[in-house]
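Note that the protein sequences, when read in sequence, are chains A and B.
Start counting at 1 in the first sequence, then tack on 258, and there's your number in my numbering.
Start counting at 1 in the second sequence, then tack on 105, and there's your number in my numbering.
Source of the hints: derived by calculation from the structure; they are not laboratory data.
Remember, it's a predicted structure, so these values are computed and weren't measured experimentally.
Check before you lean on any hint, since a few could be wrong.
To be verified - Here chain B is said to cover these stretches of chain A; the calculated rule only asks that three of the stretch's residues, wherever they fall, bring their Cβ under 8 Å from a Cβ of chain B:
hint: 1; stretch: 339-348
hint: 2; stretch: 430-438
hint: 3; stretch: 489-496
hint: 4; stretch: 620-632
Ideal placement from N, C-alpha and C gives every residue a C-beta, glycine not left out.
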Amino acid sequence: MDISSFKEVFAAEARDYLQSLNEDLLSFENDPSDKTTVDDMFRAAHSLKGMAGTMGFDELAEFTHEMESVLDLLRNGELEPSQEVINALFASVDTLEVLLEQTINEEPITPVREQIAMLEAVTHKRPASAAPSPRQEEEIPVSVELDEFKRETIKQGLEQGYSSFFVKVVLRANTVLKSVRVYTVFQAVEEIATIIQSNPSVQELEEEEFDDTFILTILTKESSEQVLHRVRNISEIEHVEVAPVSLDEGQALEQDEGESEGAAIETAAAVEKVSTGAPSPVVRHHRPEALVRVETERLDKLINLVGELVTSRTQVLEMVQVEDSIGALDQLDRVTTELQYAAMSLRMVAIKQVFDRFPRMVRDLAQSSGKDINLKIYGEMTELDRSIVNQIGDPLVHLIRNSIDHGLESTADRVAKGKPAAGTITLGARHEGSHILIEISDDGQGLDLERIREKAIEKGLLTPDHGSITVEEAGDLLFSAGFSTAEQVTDLSGRGVGLDAVKSTVESLSGTIEIESEPGHYMRTTIKLPLTLAIIKALMVVADGETLAIPIQAVRENLQVERSQIKTVQQNDVIMLRNEVLPLYDLAECLGFKPLDTEGPLSVIVVEIRGQKVGFVVEDLIGQQEIVIKSIGGILSDIRGIAGATVLGNGTIALIIDNSTLIG
Amino acid sequence: MAKTVMITDDTAFMRMTLKNVIEKNGYTVVAEAADGEEAVALYKEFKPDMVTMDITMPKMDGITAIKEIMKFDPTAKIIVCSAMGQKPMVIEALSAGAKDFLVKPFDAERVVESLRKISS
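Please build the complete structure, drawing on both the sequences and the hints.
As structure tokens, then:
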């Protein structure tokens, strides 16, 4: 019987076993007490071994046998399901995957001696490196390669007065729990610095896939001596070296994707020499996926083109009024609209990728602040524009830190007030029309209106005789520059910067931010953002003959104003609008165009800028339109009052007004 | 004046071994606790300069005890002591505020190094 005809069946079934091994391992890691999972894994490994043996795939059978032995010990309770053991099992499944694909494709088999040694080490409690390699740390230079992005981060840090160093740390050869020792180094370094990069990667360090040496790239305000001193005061450190990072050598090598693989050209070579005892990196075999990776640039181009198509469609529909063509035009209209949504959906990503970092952050902050905190997350699959997702993380970090630091009371205080001992922070996202709402709330003490009032008076934001304030006013005060009520500056927040930065980030994303609170009970911050920044609704106006687009979300109303209504206060034109003074500006003049010199009533667009209403006088009003935002590149990108440009249906270009920088 | 140390471990044998090493090296053991609750109470009473803290103990485990002590004294210097294979617990202890860790079986030199480094 020709057994090779069974290869396909074998391959399919073996892959299934590996898949279920992976899944079982994950659930086993979560609940190591679950004996049935161990039994399942043992059986899977056992079956796989038998199958491989039957097929004459010796390497595969041999390795599966090693894995089975570990599982057997686990099953019988003779081996503690430590993280080390679980990691070794995960690594084994990876190795098996590689072995399996190599075997099936009749490729040369990568030797797996090290991986076997690792499994044996776990069962025999022997050190993972079978033969200790000679120590060659002096050959590892105190320098690593940095990718473009990290170099930029460091450059910005240097400009802000930070110093950047490479910190080479060599652990003592007999260090136990190396990864935990590394953790203490990270902890100590993070107290005085920001870690930009770690070589080997954090994951490799965690999995102890390194010898004794690792290099951190840091940004700090401290001197190299202080960094050195800090690390030296950690146990089991053989040797520390600190060297300044220099960006001006020819280090700007093109990196391939991923920081861990491509990084450290120089170091990687040196480390490899040292780490002969450690398992060599296992390369996963690529399988076809249901996903296609596309460069974002290409995607943006497509979306841009669709945007332009949408605008031309509008134009065509306006021009063509022939009876017979109505049906065909309707179809064109429908298809382009659908195409527009489909293209926009390509830009959309779930907000999950931002939310995912918070459970860990809240857990850490809860521990360091000594508070009990539950984090509830909802709506994490809500999608929004990729460019917004990239920028909304920091504001959310700040608001959550604020909730933990200022909102939630200490456990003792909560119990005294009759609240549940553990505070709850809710983070959620949902759609509302063409907007997404992100909500951060806590069931803490809410806004202390009296303290905010006092603080505002102290800071000169309110007059000393100002009476009590409303929650809404308190919210506005909190978001104004330089306001902080923290009596004690803590690690987390209360440095007096932040909330105003949060507000300006949100506003730069064309969003708004709102605070609700019931003092003593809760505080809720709601951020309202547009779904996308690529296509916006705008009010089209004319000033000095130029067509201009004003983003609609800032526009409050349009007015017709008689010239006789205009008064002059301190040399500024104003009108009275419902008992409020509305300052008037000539839009053309604000942009440096020729001021308006026509007779008759004026068209005024009332726009809200940083909570203040102002009126812009324009020559003419065209109407509302959806426009595609294009940034103006190069030296024109920073012009005051201009956010970008858009191409209109007739091919002409209209500038998009940036309300926030137009005046003041 | 000699620095003071409190030893926390549920086995008398371990406490004895540690005490022997610590006292030989010029430190004074001012208190010995056999569980987390006792450790918290004795810490408040003696305010030792340093603490060694076992993880697995009856009544209150070492991690909870570390959190309690850190709440009482955020500057407390605690060395967590673990057995092999307690890595996640050691990390939890460190993030709760422990300053260093030791892995059993103890090596006398490591114990002394730890005490010296965290007290400097």
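Claimed coverage, the stretch 489-496 of chain A by chain B - three or more beta carbons nearer than 8 Å: That given contact holds, which follows from 4 residues of the stretch 489-496 of chain A lying within Cβ reach (below 8 Å) of chain B.
Verdict on chain B covering the stretch 339-348 of chain A, criterion of 3 CB contacts below 8 Å: holds (count 4)
Given coverage of the stretch 620-632 of chain A by chain B, tested with a Cβ cutoff of 8 Å and a minimum of 3 residues: holds (count 4)
Given coverage of the stretch 430-438 of chain A by chain B, checked by CB-CB distance under 8 Å (3 or more): With 4 residues closer than 8 Å to chain B, the stretch 430-438 of chain A meets the three-residue bar; holds.
Comparing the model with each numbered hint stated earlier shows that all of them hold.
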